[in-house]
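*Asks:* Taken in sequence, the protein lines are chains A and B. Sequential numbering from 35 applies to the first sequence in the working numbering. Sequential numbering from 35 applies to the second sequence in the working numbering.
Just so you know, not all the hints are guaranteed correct.
Since the list can't tell identical chains apart, any single copy or any two copies may satisfy a pair.
Said to hold, decoys possible - Below, simulated EDC-like cross-link-like pairs (lysine to aspartate or glutamate); rule was C-alpha separation at most 20 Å, straight line:
1. K269 <-> D235
2. K176 <-> E70
3. K269 <-> E99
4. K176 <-> E214
5. K330 <-> E90
6. K366 <-> E218
7. K45 <-> D346
8. K366 <-> E99
9. K269 <-> D173
FYI, nobody ran anything at the bench for these hints, they're computed from the structure.
Number of protein chains: 2
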Amino acid sequence: MANNREILLVKRPRKEPASDHLTITETDMPVPDEGEVLLRLLYVSVDPYMRCRMNEEASPMTPFELNQPLEGGAIAEVLESRSPKLNAGDIVTGNLLWREYSAADPGSLRRIDASLAPATTALHVLGLTGLTAYFGLMDIGKPQEGETVVISGAGGAVGSTAVQIATIAGARVVGIAGREDKVELIQKLGAAEAINYHEADFSQALQAACPEGVDVYFDNVGGEISDAVYPLLNKFARVVQCGAISSYNKPHDQGPRHQKHLLASSAIMKGFAVHDYRDRFPEGLQFLTKWLNEDKLTYEETIIEGFEQIPDALFGLFRGTNIGKQLVRVAKPGQEKE
Amino acid sequence: MANNREILLVKRPRKEPASDHLTITETDMPVPDEGEVLLRLLYVSVDPYMRCRMNEEASPMTPFELNQPLEGGAIAEVLESRSPKLNAGDIVTGNLLWREYSAADPGSLRRIDASLAPATTALHVLGLTGLTAYFGLMDIGKPQEGETVVISGAGGAVGSTAVQIATIAGARVVGIAGREDKVELIQKLGAAEAINYHEADFSQALQAACPEGVDVYFDNVGGEISDAVYPLLNKFARVVQCGAISSYNKPHDQGPRHQKHLLASSAIMKGFAVHDYRDRFPEGLQFLTKWLNEDKLTYEETIIEGFEQIPDALFGLFRGTNIGKQLVRVAKPGQEKE
């Protein structure tokens, strides 16, 4: 009985992921085992890291398997429960298969209280996105009042949250993005300066925007944008290596060596994954929820409709077409099963 | 009254320093002011970084001035004191002019207790060399028992001390050097493996020497040697950026970008200068002295005799003839003033 659909990885991309790498196919309706729940996918989050999982070698992440469904952060509704932990009608979040209906173990799901904040916030500002910005900035960047914090990819989901958290911390924020609407967003969120890296004189513009140098660099992008930031690092600067999206599709990316800048500034550079902080998620969510309710933290989300739109939403990330968090709505809660 | 001598920079070298760049000249005996001391030079340390200070532009260091005496790490005897801080007969170390007799401010000098260790150790293992290895390794690298520590430039003065400190900490040390006598030295000092980077299959040899990956990378060199280390970093690895000698003469040095490796391993990379730890020098010296007295720490030094030999000792560094720390003995303590 093929009234369910899923999205499979059918070919590993070498560069940008595109339509010949994914396919949408029909599959059977699952039947939950004792202790499991039947889920209907409501919202799917598409994220740059998924590109890495499409490689045969994705260490430290697990590669997606060929001819198997992809998975990622998602929100679902419990349609049927064979577990005492969840009830039909509950809204949950977790790492879910890109499959309209799935059977799942409740142990890997977190129930969302939609009375505290809209459910979709669990996929960004009150989810891994917000936690990534929070721990990267507060545990590695440690911005002090009056310090200059440069954020690359500042118009993205993590970046725009980092802009706001750095502002809450009293720092002077300089945001970098590649599109004018993102530049405007960054300014709206409280950045002192917002720079479009497509400017011909980007390096000069950045230097002019940082007259007292750079104390914290929250880097989502890497590549030539970072090359312009490193020479500006102040003594004891902190580089938060949150992402390096410019290199995900370029395995042999070359550039100037940065060691001499770290030496000259006694700077620190640290990579991290949000799951490194798993034990401290409650702390992060507590602060993020507080700031959200105090209107110190806002978010942008772009929602497109339809399960079949998920691949294009993912591909769009690499063309930078989205603003804020890119989500796909697959169904509405309580919607009749078709 | 010209019974004093000094060594002046009379011409800036373009490549290797040689005899036409330095001159030995007679100068007056200094008379210490109130609060100053009269010093007689005993030992002079000649170091590769001095070549950088011979350039017109030596940032972040101060260039040597033309027709002025050079200066560097040295040991001297206090002949006469007009300060309550030091007494005649005290042996001191500091950054001193290449001049047989100088008047100096005691604030820039550190008294050496020659009953604890030979005075010359203040110019290497119990001086900035030893402190650089100590703080880089213990404050940034933090090697744990059984972890793998890779050290580049492991046959040099800092590197060979780092090899021993990492061994004391119970780590498994893999040293990298570019000369066979240095490879032998590294093995003698306790490294589990020592690799010559001139090997055709250096990357493979390094990988084979680190079957459990790399937990700490103490880097003096940068460049292609580091390019081979980054892919081997373990989760939560620490990269100690102590130097990057391979790039000092290549301002536009390019190579693979390392951000993705820091991301994949949640690794930390930190540059430092030994003076960042000035407040903690007593702690470092205490441990280094203890290990030296317990014979856990050894050192190599090459000493030649005579003030007039200082230029040749310096030039010899660039022909790579010395092993261990190169020193020049100018006079013996208590020796009659001629």
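*Asks:* Tell me the numbers of any earlier hints that the structure contravenes, in ascending order.
*Replies:* 1, 2, 3, 4, 5, 6 and 8
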